[in-house]
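Student: Listed below are the residues making up each chain.
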Amino acid sequence: MRKIGLIVACAAVAIGTAFAGEAVRAQTIRVAMNSDIRSTYPGVNRDSNTDWVMHHIVEGLVAFTGDGSVAPSLAESVDTPDGGKTWIFTLRAGITFHNGQPVTADDVLFSWNKYLDEATKWRCYKDFTEGNAAIESIDKKDGRTVIFMLTEPSALFLGLMARIDCAAGAIFHKDSFAADGNWSAPIGTGPYKLGEWRQGEFIELEKFAGYKPRSEPRDGYAGARVAEADKVRFVVIPDGAAAKAALLSGSIDVYPDISVNDVEELKARDDVKVDVAATMGLSGILLQTTDPLLANVKIRQALAHAIDTEGLVQALTLGNARPNNSPIPVVSAYHGTPQGALFGYDPELAHKLATEAGYKGESIKMLTTKRYQTMFDVAVLAQAMAKQAGINIEIEVLEWATMLDKYLAGDYQMMSFGYSARLDPSLSFDMFAGPKATQPRKVWDNPGAQKLIEESMRISDAGERRKIFDRLEEMFRADVPMLVLYNGPDVAAYSSKLVGYEAWMAGTPRLWGVSVAK
Amino acid sequence: MLRYLLGRLLTTIPTLLLVSFGVFVLIRLVPGDPIVVMLGDAADAETVRTLREAYGLDQPLFTQYWLWLLRALGGDLGRSITNGADVLPLILSRFEVSAIIVVIAVALAAFISVPLGMVAAWRQNSAGDAAVIAAATLLLSIPSFWLGLLLLLAFGLKLGWVPVIGFVHFAEDWGLALAYIVLPVTTLVLVEIGVLTRMARASTIDVLRLEYITHARAKGVSEFSVLARHALPNAFAPTWTLIGLVLGNLLGGIAVVETVFTLPGLGRLLVDAIFARDYPLIQGCLLFTAVVYVLVNLVVDLCYPLFDPRVAAE
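Chains as they are written, first to last, in my numbering: chain A, 1 to 518; chain B, 519 to 832.
There could be a bad hint or two in this list.
[Unchecked claim] Heads up, simulated DSS-like pairs for lysine-lysine below, C-alpha to C-alpha not over 25 Å straight-line:
hint, chain 1, residue 1, chain 2, residue 2
1, A, K126, A, K442
2, B, K676, A, K267
3, A, K497, B, K676
Worth flagging that the hints you see were computed from the coordinates, not collected in a lab.
Using the sequences and the accompanying hints, generate a full structural model.
Tutor: Written out as structure tokens, the structure reads:
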């Protein structure tokens with residue numbers, strides 16, 4: 001018995017010592033991530049977590065700022081002498097890749113030729129080969145100057161180039177590819193370089209000592225991107241409760257997307273800080289205008305008036321987001337008075353409109369998913385509110401992949417859905433507007449609106465674009481093809497030992513300009 | 519014995535073929551497409567079509583299955599659609615994590631349950647027996663994720679005795695590795711103790727009623743010897759079968775425990791693969807799980823003669 005006790009005691013000491021040893025580590029910022037990245041090939045095999053990580057390693061010619069505008073990143077300057085058809089990028093002097101090689105115009109050509117090769121399967125391939133921002137040619141003028149020639153003038157070119165989900169058209173060194181031409185590992189220009197990737201566990205980035213930051217202050221993904229910490233480790237923690245426990249126990253330093261329900265609890269603590277930023281993601285309810293019942297615009301208007309947008313958003317986000325019935329996000333420079341108006345909450349009017357539409361109390365099915373809790377919560381609240389107006393909604397909960405299938409096929413009556421951020425209003429409208437005959441996933445099939453959207457993509461003048469967007473807003477509210485409810489907040493919780501961490505409108509973590517206080 | 523072994527192994531082949539075909543068909547019957555999941559709300563029909571071609575998903579189903587089967591027979595389970603990794607090495611690396619947790623947990627659970635169940639049976643209908651039954655029933659009823667979270671919050675967060683997330687391999691640092699697996703192992707032990715204790719108790723009760731036990735007692739054999747030498751070998755067999763089933767079942771994946779404790783195990787790999795509709799990975803995981811299950815039960819059956827020599831003779 002004494003021997004057993006001794007063994008147990010030794011084991012306990014070993015465990016305790018080992019655990020204590022774990023507490024003494026290099027300056028590493030540990031960030032929670034709900035699933036592993038898909039690959040290290042930016043913009044090709046990716047998801048949002050992959051984007052989070054890769055934007056610390058690679059950079060493009062331009063990048064989004066905090067207010068959704070586009071600023072030079074690797075480029076020192078961007079000029080368009082002919083109103084958007086020709087784009088001249090001059091690279092910053094003295095910037096190098098992680099392998100020490102200088103960044104030249106040849107590297108820009110190499111990277112973009114890869115992107116524009118269909119075999120690469122770049123996410124934004126179609127945006128730059130068809131439509132408004134189609135590239136006719138890319139040439140180098142000298143060692144630091146590259147000229148992009150488009151097929152027609154485009155107001156969206158820079159915004160598309162800066163797209164976060166397309167890795168901002170990152171410029172990488174040719175040695176990122178193996179000798180057989182397959183992707184190997186990213187050799188980029190970012191403030192951090194790839195360290196160790198233990199699949200399913202974590203991916204660790206190391207500070208790039210040779211990084212040359214811009215002089216402007218940090219602004220979104222643009223401006224200065226100074227790596228203050230030695231390492232950044234993105235830790236895979238699938239369970240939200242476990243991630244919260246990890247933050248509170250000090251096992252991680254940043255939890256980038258906490259539930260709004262935890263905000264007040266965490267704000268009350270001294271060891272944790274919370275930051276909230278409005279994003280350009282969109283939460284809403286899609287209405288299938290080809291459905292026999294919902295084809296009548298009055299029933300759609302009835303639904304719009306049956307839902308108390310302000311009350312719903314307050315209940316769901318606990319005051320951390322603003323109600324918004326416009327496809328243009330509240331933080332967009334183009335969100336003005338027409339966009340700010342809300343559909344009035346009026347159950348009596350809703351009931352009257354529904355009756356005029358010939359609605360006799362039939363059940364309308366709304367699809368939702370529990371994979372994203374907010375989508376489910378929106379459906380439940382909308383159902384309850386509609387009931388007050390005499391509109392019966394039946395909720396069907398589907399698994400996410402199944403619901404995506406139905407979304408793609410347009411196979412639904414109503415669907416509680418969310419769109420990831422589109423940082424230009426043209427793209428906001430374009431994401432759900434289009435001909436249903438050829439693109440069943442599109443929600444708003446209005447040829448007149450489609451023409452206006454295409455025009456907005458060609459015009460650069462902000463005043464003219466605003467007029468177009470205001471007209472589109474009017475048409476959108478007349479047709480009511482969907483009920484936009486709000487733009488989801490980016491709610492981040494982080495250790496009070498961190499200095500410089502901020503949430504921002506893209507909802508992605510930024511670990512440059514962030515240090516661990518001593 | 520060798521003939522028996524070979525015979526059992528041969529019978530697994532049609533079983534595994536059936537499993538592979540069943541999994542292949544069933545996962546494709548489930549709505550959802552891996553390419554659409556990959557593209558999300560930006561998916562358009564043309565891009566989906568192009569990518570399906572690139573991944574070979576546009577080929578006839580029988581062709582896809584046949585090509586996959588031919589490669590699988592050569593040990594190549596394909597590449598993950600999600601991240602392009604080779605499926606078999608990925609499964610093996612994740613299985614190592616699950617196996618460590620499960621084997622330790624089941625061994626501990628058995629070590630605790632069998633004597634506990636036997637003592638409860640020995641003192642049947644006593645207060646102690648009632649307490650054991652109540653505790654076993656309670657543990658059986660508790661969901662593992664709830665128990666795991668409770669332990670995590672209590673010992674990881676509140677008391678800070680053990681780490682809250684992560685995993686370290688024993689080869690890297692055995693002390694740290696122990697620290698990381700204490701809570702998941704404890705969760706599994708508590709979950710499995712209930713069912714194993716009840717089985718051990720029930721089978722011991724049956725054995726203690728037999729005449730040879732009465733005979734042993736009449737001869738003056740001590741109660742400890744009655745239980746340990748005479749009752750245990752016969753009472754243990756049904757529990758051993760159950761241990762085999764539990765082990766096989768858990769080795770197939772402890773997804774819930776792995777998710778709560780952030781362990782990179784086989785269960786989480788399979789769940790993530792299902793969400794992503796990563797067909798090669800799903801097929802590989804399930805086929806691997808079936809192989810493990812069959813092998814574990816084979817080992818269990820081969821151990822029976824240790825408890826009952828009559829089985830060896832048969």
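Student: Taking the hints in turn, state whether each one holds.
Tutor: Here is how each hint holds up against the structure:
1. K126(A) - K442(A): holds (17 Å)
2. K676(B) - K267(A): holds (18 Å)
3. K497(A) - K676(B): Given that 25 Å is the threshold and the Cα spacing comes to 20 Å, the pair holds.
Against the hints set out earlier in the document, no violation occurs for any number.
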